[in-house]
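Enquirer: The residues making up each chain are set out below.
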Amino acid sequence: MNRTGRIFLAALAGAAVLLFPVVTTTPYYIHTVLMVFLFATMGLGWNLIGGYGAQLSLGHSTFFAIGAYSAVLLMVNYEISPLVGGIVGMVLACGAAVVIGLPCFRLRGPYFCLATIAAGEIARILFLHFQEFTGGANGVPLPFHGDDILTLQFSSKAPYYYLALGLLVAVFVLVRWMEKAKIGRYLAAIREDQDAAESLGVRTDRVKLIAYVLSAAITAAAGVLYAFTVGYIDPDGVASLNLSIEIAVVVIVGGIGTLWGPVLGATVVVLLTELTNMYLGSLRSGASLVLYGLLLIVVVVARPKGLISLFDRAPAASLPKQVGTRVHVA
Amino acid sequence: MSTLLKVTNLKKSFQGVHALKDVSLDLAEGEILGLIGPNGSGKSTFVNTIAGTFRPDGGRALLQDVDVTGLPTPAMARHGVARTFQSSRPFLGMTVLENVTVAALLHTDRPAEAEAAARECIALTGLADCVDVTSANLPVERRRRLDLCRALALKPKVLMLDECLAGLNPREMDEGLDLVRLINRTGVSVIFIEHVMKAVVALCHRVVVLNQGELLAEGSPQAVMRDEKVIRAYLGGSSKLCSTSKRSAPATAT
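Quick mapping for you: the protein sequence lines, in order, are chains W and R.
If you read the first sequence in my numbering, its first letter stands for residue 1, the second for the next number, and so on.
If you read the second sequence in my numbering, its first letter stands for residue 1, the second for the next number, and so on.
No lab work stands behind these hints: they were computed from the structure.
Hints are supplied without guarantee of correctness; some may be wrong.
Said to hold, decoys possible - Label pairs and their computed distance ranges (CB to CB):
1. R/G58 - W/G166: 54 to 62 Å
2. W/H129 - R/E120: 28 to 36 Å
3. R/E120 - W/R206: 22 to 30 Å
4. R/K198 - W/L114: 31 to 39 Å
5. W/R206 - R/G58: 34 to 42 Å
6. R/D109 - W/A16: 49 to 57 Å
Claimed, not checked - Below, simulated EDC-like cross-link-like pairs (lysine to aspartate or glutamate); rule was C-alpha separation at most 16 Å, straight line:
7. R/K157 - R/D227
8. W/K182 - R/E113
9. W/K180 - R/E115
10. R/K6 - R/D26
11. W/K180 - R/D109
12. R/K198 - R/E214
13. R/K157 - R/E29
14. W/K180 - R/E29
15. W/K182 - R/D109
16. W/K182 - R/E115
Glycine included, C-beta positions come from ideal geometry on N, C-alpha and C.
Model the full structure from these sequences, guided by the hints.
Expert: Laid out in structure tokens, this is it:
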């Protein structure tokens with residue numbers, strides 16, 4: 001496809017995304033696409049550490065929950081606008097990332113992954129335990145006070161849709177910049193060979209921590225928006241291992257360590273979940289999950305680099321002829 | 001010539017095995033120092049201990065009178081001590097340019113500047129024809145060059161080369177020696193570990209011999225080669241000294 005063709009398609013896709021809530025009035029459809037945006041955002045954030053830095057985290061729901069709970073509790077208990085509470089939540093999530101990251105980044109590979117699962121479970125149990133403050137397993141409902149941008153409350157889904165789209169675009173631009181920046185290069189070096197990276201002066205612990213903290217802040221922002229979209233949060237909904245896994249799955253299905261992978265992955269995974277729920281949900285409980293699981297297995301086996309690799313274009317440059325054909329004498 | 005790196009009484013043991021026992025040596029500015037010794041004599045342990053991979057159990061390392069003993073690896077690189085690994089370790093998924101750019105980012109925060117510096121190093125090390133080749137597709141000889149190129153992009157004061165010619169054929173080895181000389185002439189002092197004595201004699205200004213973690217001999221390459229102690233340390237006597245190492249010998253020769 002030539003350049004004009006691609007620009008035309010991109011404009012068409014952009015217009016479709018922008019006009020979607022105007023065209024359809026079914027809140028369920030708008031909500032589904034909104035969830036695609038939120039998962040794409042979280043996937044982009046997760047990818048910073050899980051993809052570019054190859055440190056598999058399965059504890060990201062903790063940051064989602066910290067963002068959600070901070071904004072909701074500050075609003076319900078102290079009438080602080082979620083615009084402020086959301087920032088508090090992001091800062092707290094950054095703090096949590098430092099606390100979790102400092103000890104856990106001493107571990108490598110599967111041990112790091114297990115440590116993040118443990119940290120995530122500890123966080124979930126803490127949310128359940130301090131029930132005077134968090135409402136425990138009952139969760140926190142968000143009373144509706146009428147449309148107001150300052151309280152992030154709207155009677156229609158469309159404003160949330162545009163907020164989520166805005167967040168996604170902002171995060172996308174940030175990640176695209178980081179990919180090419182110094183930190184992106186360093187993360188890629190860490191992914192390839194941590195010891196070799198250190199020999200080149202890369203302070204791997206520090207680089208990983210910065211990526212992890214940024215990743216936590218992005219996830220927390222998504223958590224804030226989710227909480228106000230849904231109007232209710234509880235530990236099993238926002239702090240679960242399931243959510244952590246789903247964030248990682250979105251990226252793995254789409255294409256780990258790529259810019260468009262999380263966006264594509266979120267689209268496929270969220271729509272697939274909704275479709276299987278819609279058509280198989282009544283069949284037998286769990287039937288939709290089985291199909292969902294099978295499809296994931298197929299994707300991972302057939303396309304280990306994610307669905308984004310279906311769109312790979314130019315093959316990588318190869319060696320100049322005389323080098324490639326040289327007979328090597330060991 | 002003034003002393004650049006001064007190592008005194010360096011000690012390192014692994015679960016009771018004394019890999020390094022009180023090794024002291026000086027590296028002069030602009031020097032190429034050969035570090036030789038039989039397998040297991042502690043050469044790589046020396047490099048790893050100075051480079052920060054291992055923490056020394058005792059002793060000191062001074063770089064231009066600054067104490068750098070036991071600093072972690074990235075800090076050593078920042079102080080100007082670069083190293084290559086015994087087995088070549090390029091970032092396989094990256095192109096040659098991307099590999100070298102990671103190293104060049106030590107001196108700038110701007111990727112564009114780092115890329116420009118990386119291109120200079122790439123041209124100098126003769127890799128210009130494979131700038132955009134993914135390093136997984138490079139043959140051994142190119143990977144060895146890439147190791148050197150990456151280290152060079154760090155603009156080090158001291159470069160420790162741990163068998164950087166391993167796996168090369170004689171002609172490639174000669175080109176490799178020329179490259180090390182070239183790097184040395186840009187003002188980098190070199191610690192050169194190698195089994196192939198011909199290469200050591202051709203390249204090094206001075207040679208230090210390690211045996212079982214101890215300093216066995218020191219002097220000019222020719223003098224060290226004639227040293228009775230050194231010949232005895234290498235089992236098999238003088239004839240073996242002049243042949244190539246096991247690794248680079250053809251697999252059929254048994």
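Enquirer: A separate judgement is required for each hint: does it hold in the structure or not?
Expert: Status of each hint after checking the structure:
1. R/G58 - W/G166: 54 to 62 Å: Given about 59 Å between the Cβ atoms, the range holds.
2. W/H129 - R/E120: 28 to 36 Å: 59 Å, violated
3. R/E120 - W/R206: 22 to 30 Å: 28 Å, holds
4. R/K198 - W/L114: 31 to 39 Å: Violated: the Cβ-Cβ distance is about 51 Å, outside 31 to 39 Å.
5. W/R206 - R/G58: 34 to 42 Å: Because 29 Å falls outside the window, the suggested range is violated.
6. R/D109 - W/A16: 49 to 57 Å: 39 Å, violated
7. R/K157 - R/D227: 31 Å, violated
8. W/K182 - R/E113: 11 Å, holds
9. W/K180 - R/E115: 12 Å, holds
10. R/K6 - R/D26: 5 Å, holds
11. W/K180 - R/D109: 11 Å, holds
12. R/K198 - R/E214: 23 Å, violated
13. R/K157 - R/E29: 8 Å, holds
14. W/K180 - R/E29: Cα-Cα ~37 Å, so violated.
15. W/K182 - R/D109: 6 Å, holds
16. W/K182 - R/E115: 11 Å, holds
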